[in-house]
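Peer 1: Chain by chain, the residues run as shown.
There are 2 protein chains.
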Amino acid sequence: MSDQTQSMVSRRGFLRAVGVSGGAGAMLATMGAMGLAPSAAASVTPAFRAPERSDFTLTGRSGAKVVVLGGGIAGLTTAYELGKAGYDCTILEARHRVGGRNLTIRGGDVETDLDGRIQRASFSDGVYFNAGPGRIAQWMVTMDYCRELGVPIEVFTNQNADAWIYNESAGMTEPVRYRTAKADVYGYVSELLAKATDQGALDSRLTTEDRDRLLSFLQSFGAIGGRAGDWAYTGTNRRGFSGYPGAGNDVGSLLGTPPPLSDVFASNVGRYFSFEFGYDQAMLMFQPVGGMDQIPRALAKAVGQHRIRLNAEVTAVTDRGSRVEVTYRQGGRQSQITADYCVAALPPHLMARVPHNLGAGVTAALADFPVTASGKIGLEYRSRWWETDQRIYGGITETDLDLSHIWYPSYGFHGKRGLVVGYYNTGANARTYSGLTPEQRSERAISQGVKIHGDKYRSELVTSYSHAWDRTRYIEGAWTSPRYGTPGYNLLLQPAGRVYFAGDWLSHEVAWQHGAFVAARSAVSALHQRVMAG
Amino acid sequence: MSDQTQSMVSRRGFLRAVGVSGGAGAMLATMGAMGLAPSAAASVTPAFRAPERSDFTLTGRSGAKVVVLGGGIAGLTTAYELGKAGYDCTILEARHRVGGRNLTIRGGDVETDLDGRIQRASFSDGVYFNAGPGRIAQWMVTMDYCRELGVPIEVFTNQNADAWIYNESAGMTEPVRYRTAKADVYGYVSELLAKATDQGALDSRLTTEDRDRLLSFLQSFGAIGGRAGDWAYTGTNRRGFSGYPGAGNDVGSLLGTPPPLSDVFASNVGRYFSFEFGYDQAMLMFQPVGGMDQIPRALAKAVGQHRIRLNAEVTAVTDRGSRVEVTYRQGGRQSQITADYCVAALPPHLMARVPHNLGAGVTAALADFPVTASGKIGLEYRSRWWETDQRIYGGITETDLDLSHIWYPSYGFHGKRGLVVGYYNTGANARTYSGLTPEQRSERAISQGVKIHGDKYRSELVTSYSHAWDRTRYIEGAWTSPRYGTPGYNLLLQPAGRVYFAGDWLSHEVAWQHGAFVAARSAVSALHQRVMAG
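Chains A and B are the protein sequences, given in the same order.
In this text, residue positions in the first sequence follow UniProt numbering: the first is 1, and each later residue adds one.
In this text, residue positions in the second sequence follow UniProt numbering: the first is 1, and each later residue adds one.
Excised from the complex, chain A in its bound form (with noise of 0.2 angstroms):
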């Protein structure tokens, strides 16, 4: 989830020598040419081919029996390729529903935590609270997922023009709409950059013809005044009005002119900017029409509701050579169960408790993930006030408080009620949170985002829902951080004997659906592959 940046030296040498003799077209083609270039026809799903009962036509073989344990995404994804090829699988999920993570909350929904607090969320009917995943990008294999089950999406509103901006730190005593933030700070960096370049401080990077083009493409990304006004930003409709242009003669009240640009950088609105131009994060994003475990949901039904147990909290794992025994606590009870196969679909730090006979590398490696916290609430309002008031219809705004993240809701725009995320954090900001009672947390989720949203913050609340995710039984946290290329992370992509591991933890998209599902596709991949080479 990190922007990290990569050195190609050789390539990117040669393609300059291309691209400066041949302008863009060569360069393009050059590139296109070398497989670089964004191709029309480049497919970008993964190479993955589910298991088919006809492999096994003409070998004799057939599909063995597995247990998969843990039915979250990966888990259950796990036994629904498998079961493609007739393969005889069984989930022990040691939660009371499957989705692990991907957890959506409704009304009469119970959870009980780890420090045996019980919450019933009490939201309306129709208002849902993602407290796990909430959204998904355009190339990831999980929109694959969707579109196979039949699960409807919708856009999630990831990034909104007019969702607020609030860094208290830095001294703000209102929050300002990102149209404006972004005006302001494109505006000024478009003077500087056209000043510096007009003055000719960057003649040593720019040619004649660089130089015009760059020059005319600030005064179109700032909206900044030509060299006859030494290219000064004052200004611009893009920042908003506090009344929009109407009828006759009505031009609208543009918001004001900016703060000047010494008093835009300190602010400091400019670092959320380039969230949305993540690979990960960029709009489009998507979600499930109905609530993100739509997808578990309709994973659980392909694979079978009667190969799913719930509530069997694994005990032990024991590879016998020939066959893997695996003990689980079920209503009080222990019960066995023998299979060819076991794919262990649990966080790595739980997995890492479960007694096993497969060896001390094995549990340690699954200890050495770092786990991150990270929680969530969802806060029930009468009525939807930041449409009504604040013209905001979906989207994100960003604070430097401890709440972090406030989401707007991507469905029933318009409706009765709704639901807004009050709080979306991590690590410290988590653990503050998830160490107060859900009374407390609300109260703490309120009491800072009145400062942006005003008294109906506070006044329209009907209920509210909490989850912390490090307080959460059986999970005990949101994500990992995996040591990349250690010996211990690379030990678990292998089996261990007869015990194939899969999760997000296993991928390098740690913490989002498409990291479970394509490491569960590669556990499906190798045990088939060995079950079919006999």
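Hints are supplied without guarantee of correctness; some may be wrong.
Identical copies carry no separate label here, and so any pair may be met within one copy or between two of them.
[Stated by the list, open to error] Only pairs whose alpha carbons sit at most 25 angstroms apart, straight line, appear in this in silico DSS-like list of lysine-lysine: (1) Lys416 with Lys301; (2) Lys65 with Lys451; (3) Lys301 with Lys65; (4) Lys84 with Lys416; (5) Lys301 with Lys456; (6) Lys416 with Lys456; (7) Lys65 with Lys84; (8) Lys301 with Lys451; (9) Lys84 with Lys456; (10) Lys84 with Lys301; (11) Lys456 with Lys65.
In short, the hints are calculated from the structure, not lab data.
Given chain A, work out where chain B should sit, using these hints.
Peer 2: For chain B alone, coordinates are given in the frame of chain A:
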């Protein structure tokens, strides 16, 4: 719709003075006190109060009889709002349906243009084509009407990081995705400004603190290296991947290193970036679920179908001093309607040709609206290849081809079929297409689209329908460019005797439904005030 900047020198000078000494906090507080800063409590709702039946209580008066010319958004809204107070309204609409330019085409719809060309749309069930307006900004009063009328809305995908940019005239031979183009342009812009800043070229404009903050912003904004790397932009994962990160040790395949700076600016991809900053175009944008014409349909239902006469072409308007007489042709027959007032809500250039006794000044003013041509084509495909093959779920591709824009659908994600808007152009480009037969238009659009999308752009096509607004009878144009501030424009803001004028052409939001709504409200308020005053 243009990006005008407005200078408010005295306020600005004062604010600068405050800002310099007080920092961002003081600055924003001062702006708030001056009514310039965004305020959470500030309402952006126009100060319109709909006429009510109770307005006539104790006055001895009642709603008058009003004939409305034109059943577009302005005409429908006029009748809708006046109807709330019991006015007896009749709408005369020359076309066979209401909505005016708010036109949604579905399978079975038939349109005959000014040249006698007949098109019968054969789109599949559930596929629709918004030939006119397609999007709504959050602040627009159009949103309020959707809420009031119970028209459900959903996100209109006005931008997408995965849509393409293709500038053929700049020598591009392959399209580039927005995300890639943005990463490269912002990367190089950041590199250049960081270099100039660090070299002291901007010391006269920046304090030491400004400089540090700016450099920090640029590193985040452009994903550039630090001082040790001479602030160089050498690529970023924001450009995208040819293969996205996967399981195990699959870090993905970055799209490659960026083209050289000169090529990036020569490709002119940056010219499209500021579109999304526009006060009227910035995401999030919205559309009615099921087609834009859900708005006029809901308005017509609220007005009452018995008050709307279709295929009724106005042939004369005569102000008799105490009443207005309107003659119209319907089904080959001349009819007359007499009312207390008339609201002319048809295009000004058409009203200018209707015989009337309102004076030569009115005719001259009505004829003084330059008219813009615009056209769109809807292309129905048997598969949603843009989603499955190119991972584009909505959004807009920008080109310098005469098709200008390509819109991917904002509805029906993951469905079987889908409709792409194959061109949306204006002016000379629109007239180029409107001069062709529907078959020729389709062929021209397809032959260009394949350059961007490959063969499926042709091979998957099922059917198409194109709409040329300059060739549409009773409309004859897409929108106008009012000569704001001229005596002629101002003349039409006043009633000509008992005849009022309304339409987006009498607003500062031409070509937007918002303009039609607010202009109608303005006419309604003036008329109601007059009736109330007796």
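Peer 1: Can you give me the call for lysine 456 and lysine 65, within, between, both or neither, at a CA distance of at most 25 angstroms?
Peer 2: neither (56 angstroms within a copy, 43 angstroms between copies)
Peer 1: Given a CA cutoff of 25 angstroms, do lysine 65 and lysine 451 count as a within-copy pair, a between-copy pair, both, or neither?
Peer 2: neither (57 angstroms within a copy, 50 angstroms between copies)
Peer 1: Indicate which option fits the pair lysine 84, lysine 456 if close means a Cα-Cα distance not exceeding 25 angstroms: within, between, both or neither.
Peer 2: Classified as neither; 51 angstroms inside a copy, 30 angstroms across copies.
Peer 1: Tell me, please, which holds for lysine 84 and lysine 416 at an alpha-carbon limit of 25 angstroms: within, between, both or neither?
Peer 2: So lysine 84 and lysine 416 pass the 25 angstroms test across copies only (23 angstroms; inside, 43 angstroms).
Peer 1: As a check of your reading, is lysine 84 near lysine 301 (CA-CA no more than 25 angstroms) within one copy, between copies, both or neither?
Peer 2: within (13 angstroms within a copy, 51 angstroms between copies)
Peer 1: At most 25 angstroms between C-alpha atoms: does lysine 65 with lysine 84 qualify within a copy, between copies, both, or neither?
Peer 2: Answer is within: at 13 angstroms inside a copy they meet the 25 angstroms cutoff, but 70 angstroms across does not.
Peer 1: Is it within a copy, between copies, both, or neither that the alpha carbon of lysine 301 lies no farther than 25 angstroms from that of lysine 451?
Peer 2: Close neither inside one copy (45 angstroms) nor across copies (43 angstroms); limit 25 angstroms.
Peer 1: Can you give me the call for lysine 301 and lysine 456, within, between, both or neither, at a CA distance of at most 25 angstroms?
Peer 2: Cα proximity of lysine 301 and lysine 456: none, with 41 angstroms in one copy and 34 angstroms across.
Peer 1: Under a CA distance limit of 25 angstroms, which applies to lysine 301 and lysine 65: within one copy, between copies, both, or neither?
Peer 2: within (19 angstroms within a copy, 61 angstroms between copies)
Peer 1: Which holds for lysine 416 with lysine 456 at a C-alpha limit of 25 angstroms: within a copy, between copies, both or neither?
Peer 2: within (15 angstroms within a copy, 43 angstroms between copies)
Peer 1: Please sort lysine 416 with lysine 301 into within, between, both or neither, judging by C-alpha distance up to 25 angstroms.
Peer 2: This pair counts as between: shortest inter-copy Cα distance 23 angstroms, intra-copy 32 angstroms.
In the structure shown, a violation is registered for the earlier hints numbered 2, 5, 8, 9 and 11, in ascending order.
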